[in-house]
Amino acid sequence: MKPSYLEDEHSIRSWLLTTDHKRIGILYMVSITVFFFIGGAAATLMRIELLTPPGDLVTSTTYNKLFTIHGVVMVWFFLIPSIPTVLGNFLVPMMIGARDVAFPRLNLASWYLFMGGAAFALWAIVSGGVDTGWTFYTPYSSTYANGHVIAMATGIFIAGFGSIATGLNFIVTIHKMRAPGLTWFRLPLFIWTIYTTSIILVLATPVLAITLLLMALERAFGVGIFNPAMGGDPLLFQHLFWFYSHPAVYIMILPGMGVTSELIACFSRQRLFGYRYVAYASVAIAVLGFLVWGHHLFVSSQSIYAGMVFSVLSFLVSVPSAIKVFNWTATLYRGSIWLQTPLLYALGFLGLFTIGGLTGLFLAALAVDVHLSDTYFVIAHFHYIMVGGMVMAYLGGLHFWWPKISGRMYPEALAKLSALFIFAGFNLTFFPQFLLGYLGMPRRYHAYAPEFQVLNVLSTAGASILAIGYLLPLSYFLWSLRYGRKAEPNPWQATGLEWTTPSPPPTDNFDVTPIVTEEAYNYAP
Amino acid sequence: MIASVSFPLLPERASDFAGSVDAIFFALLAVCGLIIFGICAAVVIFCVRYRRGSPAVHATLRGSSLPLEIAWTSATFLVFVAIFIWAAVVYFRMSRPPANAAEIHVVAKQWMWKLQHPNGRREINELHLQIGEPVKLVMTSQDVIHDFFVPAFRAKQDVLPSRYTVQWFTPTRVGKYHLFCAEYCGMDHSHMGGWIHVLESAEYARWLASGDVTESVVAAGARLFVARGCSGCHAPNAAVRAPPLNGIYRKPIALKDGGVVIADEQYLHDSILLPNRQITAGYDPVMPTYEGQLNEEEVMQLVTYIRSLGEGGTR
Amino acid sequence: MSSVKHYLQILAALLALLALTVAVAFVNLGPFNTPFAMFISLAKGALIVFFFMNMRRETPLVRLVGGAGLFWLGILIALAMSDYLTR
Amino acid sequence: MNVSPGIAHQFDDAGQQREAATLGMWVFLATEVLFFSAMFLGYTVYRVSYPRAFADAAQHTLLVVGTMNTAVLLLSSFVMVLAVRAAEQRRRFSLAGLLALTALLGAVFLVIKGFEYAQEIREGLLPGANFHIASSQPEHARMFFYLYFLMTGVHALHVFIGVLLLGGFALRALFTRRIAAMGTAVDLLGLYWHFVDTVWVFLFPLIYLIARHP
Ligand code: HEA
Ligand code: HEA
Ligand code: CUA
Ligand SMILES: [Cu+2]
Chain A
1 MKPSYLEDEH
11 SIRSWLLTTD
21 HKRIGILYMV
31 SITVFFFIGG
41 AAATLMRIEL
51 LTPPGDLVTS
61 TTYNKLFTIH
71 GVVMVWFFLI
81 PSIPTVLGNF
91 LVPMMIGARD
101 VAFPRLNLAS
111 WYLFMGGAAF
121 ALWAIVSGGV
131 DTGWTFYTPY
141 SSTYANGHVI
151 AMATGIFIAG
161 FGSIATGLNF
171 IVTIHKMRAP
181 GLTWFRLPLF
191 IWTIYTTSII
201 LVLATPVLAI
211 TLLLMALERA
221 FGVGIFNPAM
231 GGDPLLFQHL
241 FWFYSHPAVY
251 IMILPGMGVT
261 SELIACFSRQ
271 RLFGYRYVAY
281 ASVAIAVLGF
291 LVWGHHLFVS
301 SQSIYAGMVF
311 SVLSFLVSVP
321 SAIKVFNWTA
331 TLYRGSIWLQ
341 TPLLYALGFL
351 GLFTIGGLTG
361 LFLAALAVDV
371 HLSDTYFVIA
381 HFHYIMVGGM
391 VMAYLGGLHF
401 WWPKISGRMY
411 PEALAKLSAL
421 FIFAGFNLTF
431 FPQFLLGYLG
441 MPRRYHAYAP
451 EFQVLNVLST
461 AGASILAIGY
471 LLPLSYFLWS
481 LRYGRKAEPN
491 PWQATGLEWT
501 TPSPPPTDNF
511 DVTPIVTEEA
521 YNYAP
Chain B
1 MIASVSFPLL
11 PERASDFAGS
21 VDAIFFALLA
31 VCGLIIFGIC
41 AAVVIFCVRY
51 RRGSPAVHAT
61 LRGSSLPLEI
71 AWTSATFLVF
81 VAIFIWAAVV
91 YFRMSRPPAN
101 AAEIHVVAKQ
111 WMWKLQHPNG
121 RREINELHLQ
131 IGEPVKLVMT
141 SQDVIHDFFV
151 PAFRAKQDVL
161 PSRYTVQWFT
171 PTRVGKYHLF
181 CAEYCGMDHS
191 HMGGWIHVLE
201 SAEYARWLAS
211 GDVTESVVAA
221 GARLFVARGC
231 SGCHAPNAAV
241 RAPPLNGIYR
251 KPIALKDGGV
261 VIADEQYLHD
271 SILLPNRQIT
281 AGYDPVMPTY
291 EGQLNEEEVM
301 QLVTYIRSLG
311 EGGTR
Chain C
1 MSSVKHYLQI
11 LAALLALLAL
21 TVAVAFVNLG
31 PFNTPFAMFI
41 SLAKGALIVF
51 FFMNMRRETP
61 LVRLVGGAGL
71 FWLGILIALA
81 MSDYLTR
Chain D
1 MNVSPGIAHQ
11 FDDAGQQREA
21 ATLGMWVFLA
31 TEVLFFSAMF
41 LGYTVYRVSY
51 PRAFADAAQH
61 TLLVVGTMNT
71 AVLLLSSFVM
81 VLAVRAAEQR
91 RRFSLAGLLA
101 LTALLGAVFL
111 VIKGFEYAQE
121 IREGLLPGAN
131 FHIASSQPEH
141 ARMFFYLYFL
151 MTGVHALHVF
161 IGVLLLGGFA
171 LRALFTRRIA
181 AMGTAVDLLG
191 LYWHFVDTVW
201 VFLFPLIYLI
211 ARHP
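Residue numbers (our numbering), protein chains in the order written: chain A, 1 to 525; chain B, 1 to 315; chain C, 1 to 87; chain D, 1 to 214.
Quick caveat, the hints were computed from the structure, so don't treat them as lab data.
Check before you lean on any hint, since a few could be wrong.
Label pairs and their calculated CB-CB ranges [as the list claims (entries may be wrong)]:
| hint | chain 1 | residue 1 | chain 2 | residue 2 | range |
| --- | --- | --- | --- | --- | --- |
| 1 | A | T61 | C | A43 | 51 to 57 Å |
| 2 | A | S475 | B | A41 | 49 to 55 Å |
| 3 | C | P31 | B | N246 | 29 to 35 Å |
| 4 | C | A43 | D | H213 | 42 to 48 Å |
| 5 | C | T59 | D | A118 | 44 to 50 Å |
Here a beta-carbon is modelled for each residue, glycine too, at the ideal position from N, C-alpha and C.
With the rest of the complex left out, here is chain A (with noise of 0.2 Å):
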C-alpha cells in the first residue's frame, strides 16, 4: 500500500513547500487555530472588562484597540479561511476524484501570501495596535487614527491576494478536474457551495484591496479620495467597503451551509431534500450577495431611496437562505436519525444560523434598523450567524472528516459534551445582546450606563462557558492524533468519493480516478 499522504515524507521543508492540497490544508487548519485564540483572547478580554459599566480594566484606547483586532484577525484571518482552506483544500480534490487543485504551486503560493498578511497584521497588533474598527471608515482611519494603520491594512491586502489565489483555483478545479461522469447535479452540495463562495472571493476581494489601499494612499499622502476636508465623500468608502464585506460575510456562511448539508444528508440517511433548490440557493445566495451592501448605511446619510432599495434587495437575498433552511428541515422528516457529534454541530448551525438569519431581517427593515444600527443587537446578529453559524460548522465538519483528516477517531462522548457545552455558553454569551441592544447599547463601547450590567455580566459568563468549550474539541482533537482509535475508511458509511480512499489518503488521493455513475447522497437505509 502507498504511504499517506502525512507519512509520505516527514521533514519540515516537505510541509513548507508542499504542494499537496490536503497538506496545504492542513498548514491551513494550523494557522487558523492559532489567530482563532488570538482573537479569541481579545474577545475574552473585552469581555471581562465589559463586566462593569466603568471602564476600569484596560483604557478606553486598548478596548478600542481589542475590538478592531478581535474584528480583523476573526474575519480575515479566521473565519474566511476557515471552511474553504481547510476542509476545501482538503476535500474538493477528493470529492470531484482529482488528484490535487487545478494549480498546486498556486496553492501553496496563497497560503504564503496568507502567512505573510498575517505577519504584517501581527506586526501591527504588537507594535501598537490598531484602533479603528475592522470597518476602517474613512475620515477617522485615514486621518485621526494613531496607531499602524498602514500596516495592517498591507496585511489585509496581501491575504487578500491569497484569498483570490485560492478562489480562482477552486473555480478552475471543479469546471475541470471532475472525474467521469461527476455531473454538476450530481456534485456534493459542499462543492456548489465552495464553488459559490470562490465567484464572491473572485469579484470582492479586489475591490476591497484597492479600497484599502485608497485608504493608506490618503493616510500616508494625504491624497483627498475620501476626505471631506478635500472634497472627498466618506461615503464613497463605505460603498466600497461594504461593496465588498457584505458578499464577504456571504463567504463567512456560504460553505457552512455546505458542511451543514452534507452532515444532516449523512446522519439522517436521506438524500438532501430538494437538492437541486439548494444547489441553486446557493448560486442566488452568492449572486443577490452583491445587491445589498447599502443595508449597512441605512443612517449614514445615504439617500433614503437608495435605503430602500437596498433594503427590498435585502429580503430578497434572505430567500434563498430560507429555501435552504426549510429544506434542512424537511430531510430529517423520515429519516434515519443518527445523533452523532457532527449531526449535533450541524442541528445547532440550523437553528443559531436562522436564528441570526432572522435577526438580519429586524436590520434590513428600515425603520427598525435606524434604531438598532450600531447596537449591540447587531453584534448578537453577527455572531448567531458567524460564531454560532459557521464556526459550528467548521467544528462539525471537522468533526465529519477528522478521520479522514487524521486516520484517528476523536473520542465521542466527550466531544458531544463539548457541543452541548458551547451551544449552551454561545447562548448565554449572545442571547443578552439581543437585548442589549434593543436597549440601546451602542457597540463599540467600553464604558456603559449602569443599567446595561446585568445582561453584561450573563454575556461575559457565557463566554467563559463558551471559552473552555473550545478548548475542549482542541485537546481531545491533539489527543486524539496518539490515542485516538485508528479510523476506517468510512467510518460513518457515507457517501461521496472522499469515503473511498484509506483514511488517511494517499498524496495522489486515488489509484485509478474513479467514475462517478450515481447521484449525491444516495444512501439506503
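Chain A is already provided as a structure; the job is to place chains B, C and D with the ligands on it using the hints.
For chains B, C and D with the ligands alone, coordinates are given in the frame of chain A:
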C-alpha cells in the same frame, strides 16, 4: 458590584416614532418567533421520532417536491415584502421633517456634542426639549463621523464632517433620556454622550429663558456677517460686486459654468467655507475662503441669518 | 487561426476608431460627447476582446467569465450611483 | 498514472491542462476588472459631482501625447497577436522577435508616459504642496488629478509587469529546448497584455477627451 438586580428589558418609549418602530419590531418578533419555534420543534420531533432504530417509517431517497418548494418560497417572499413596505413607510416619515419643527443646531466634535437653540441658548452634551413639540436637528461634525442616537426616541443619524444631516422627532413623554454617540469616533467614543431632558411646556419656557441667552442664532449670524466682513461685499452698496443675499435661500442659482443649483443649507455652507466650489454666474471668484477662520457653529449661524433674509424661488 | 491580413484589418479599425473618437471630441454634441466616446471605447474593447483575445472562439464558460467581470463592474457603478443621483 | 512531459501530475491530458490554464487566466482578468472598477466608480462619482472642475482639469492633459500612446498600445497588441501566432507555429525566432517588439512598444508607452508625468509635475499638476491649476474650482480639479495619477499609475504598473514578462518570455523563447510547450503560456500572456490595452482604451476618453470642443 452589580448595581441593581432589577433591570429593564425594553427601552423607554418617548417619541411618536417609538411606537411605530416598536410595532414593527414586535410584529417581526412574533413572525420570527413562530418560525424559529416551528423549526426547533420540527427538528426535535424528527430527531426523536426518526432516530436510528426507531419503529417509525423510514423512507429514503424521496428527492424533492416542487409544490412544496414553491409554497414555502412564495410564502416567505410575501411576508418579506409586507415587512419591507411597512418599515419603509415609517422610515420615509422619519426622513421628512415637518415645516413647523423648531430647528436646533448640533455640532459634533471628538468627543462632545454642542447644541444651540433658535433663541441662542447653548448646551453641551445636553438637550432640553418641550413635550409635544417637533424638533429638527441640523447636524454637522468638525472632525470625524459621529452619530446622534437617542434610544428612547428610536432616532439615530450619522453626523458627517462638511455635510449637513438632519433628523427630527416629537418627544411625547417627560423624562430624562440617554444620548449616545453611535458611530465609532476614536478614543472617547463611549463617553461621547449625555442626556435629553423632555420638559412640560411651562417648565421648558422657564428653562429656555434662563441661562446665558444673549443673542438669538439669527442675531449672532447678523453680528458675524458684519464682524467678518461679509457685509463689506454683500451689502447693497458695497464697493465689490458680490451677489445680494436677500431671498437667496432655496432660490435656484445659475452657476458660472452652466448648471443650476438650489441654494439650500449645504450650498450656503459650502459657499462660505469653499467659495470656489461653485461660482455664481456673473461674478468674479474674489470671495475669500473662510475655511479655518469660521468654525461650524459660526457657519451655521451665518447660514441661519442668510435664510432669515427671506426665501426665494419656488419651493 | 486567422491570417496576418485579418489582424491588420482589426488594427486599422482600431486606429480608425481612435481617430474618430478624438475628432468627435472636438464637435459639440451637447450631453452626448461622453456617451459617444464610451460607445467607441466599447467598440474598440469589443474588437480587442473578440478578435485579439479570441473570445469569439472561446467556450461559453469563458465568455461567461468575461461577461461576469463587466456585469459586476456594472453592479458596483449602478447601485452606488443610485445613492449619489438621488441624494 | 500517465507521466508525460509537460503535463502536470494532476491533469489527465494536455487539453485539460490548457483549458484549465485559459479559464484560470480569464478568471484572473475578471478579478482585475473589479480591481480597476473601484477607481472607475470613484471617477464616476466625482465627475458627476464636479463636472466643471473635471472639464477644466482635463484641458491640462496632453491630448496629443495621450493619443500617441493609445496608438502605441494598440500597435503593441497587434504585434502580440502575431507573437501568439508564431508560438502556435513554433517559429522560435519570430516568436522571440515579436515578443521583444511587444515589450519594446510597452516600454515606449512607459517612456512617453514618463515624459508626460514629468511635464505635468513641472506644471504643478501633481496634487501636493506645489499643486496649482487655473480653474475656478481648484479643489475639485485636484480630485481629477488624484484619480488621473492613480488610475494611470496603476495601469502603468500593469504595463510595467507586462513588459518584464514579455522580455522574460522573449529570452525563454530563444533558449528553451521545447518551444512547443510555450504555446499556452504565450497565449495567456497575450490575454493579459490585451486586457491592459483594453483598460487603457477606456481610460483614454475619460482622461483626455472631456470638453475638448469649443
Ligand atoms: C456570516 C455572516 C453574515 C450573514 C450570513 C448575514 C446575513 C444577513 N444580514 Fe448581516 N451582518 C453581518 C454578518 C452577516 N449577516 C455582520 C458582520 C454585520 C455587521 C458589520 C459591522 O458593522 O461590523 C452585519 C450587519 C447587518 C446589517 C447592518 C446593521 C447595521 O449596522 O445597521 C444588516 C441590515 O440589513 C444585516 C442584514 C442581514 C440579512 C438580511 C442577512 C440575510 O442573509 C439572512 C438570511 C437568513 C434568514 C432570513 C434566516 C432563514 C430564513 C427563514 C427561516 C425564512 C422564514 C422567515 C420568514 C417568513 C420571516 N446584517
Ligand atoms: C468572525 C468571527 C468572530 C468570532 C468567531 C467572534 C467570537 C467572539 N466574539 Fe466577536 N466580533 C467579530 C467577529 C467574531 N467574533 C467582529 C467582526 C466584531 C466587530 C469588531 C468591530 O466592532 O470592529 C466583533 C465584536 C465583538 C464584540 C463587541 C465589541 C464592541 O463592540 O465593543 C464582542 C463583545 O462581547 C465580541 C465577543 C465575542 C466573543 C465572546 C466571541 C467568542 O465566540 C470567542 C470564543 C473564543 C475564545 C474565548 C477563545 C478561547 C481561548 C482562550 C480563552 C485562551 C485565552 C488565552 C489567553 C488569554 C492567553 N465580539
Ligand atoms: Cu462620536 Cu462616537
Ligand atoms: Cu450586510
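Evaluation of the provided hints:
Between T61/A and A43/C the beta carbon distance is about 56 Å. The supplied range of 51 to 57 Å therefore holds. For S475/A paired with A41/B, a C-beta distance near 35 Å fails the hint of 49 to 55 Å. Against the hinted window of 29 to 35 Å, the Cβ-Cβ separation of P31/C and N246/B comes to about 34 Å, which satisfies the hint. For A43/C and H213/D, the Cβ-Cβ distance of about 21 Å falls outside the hinted range of 42 to 48 Å, so the restraint is violated.
At about 45 Å, the beta-carbon gap between T59/C and A118/D stays in the expected band of 44 to 50 Å.
Comparing the model with each earlier hint shows violations of hints 2, 4; every other hint is respected.
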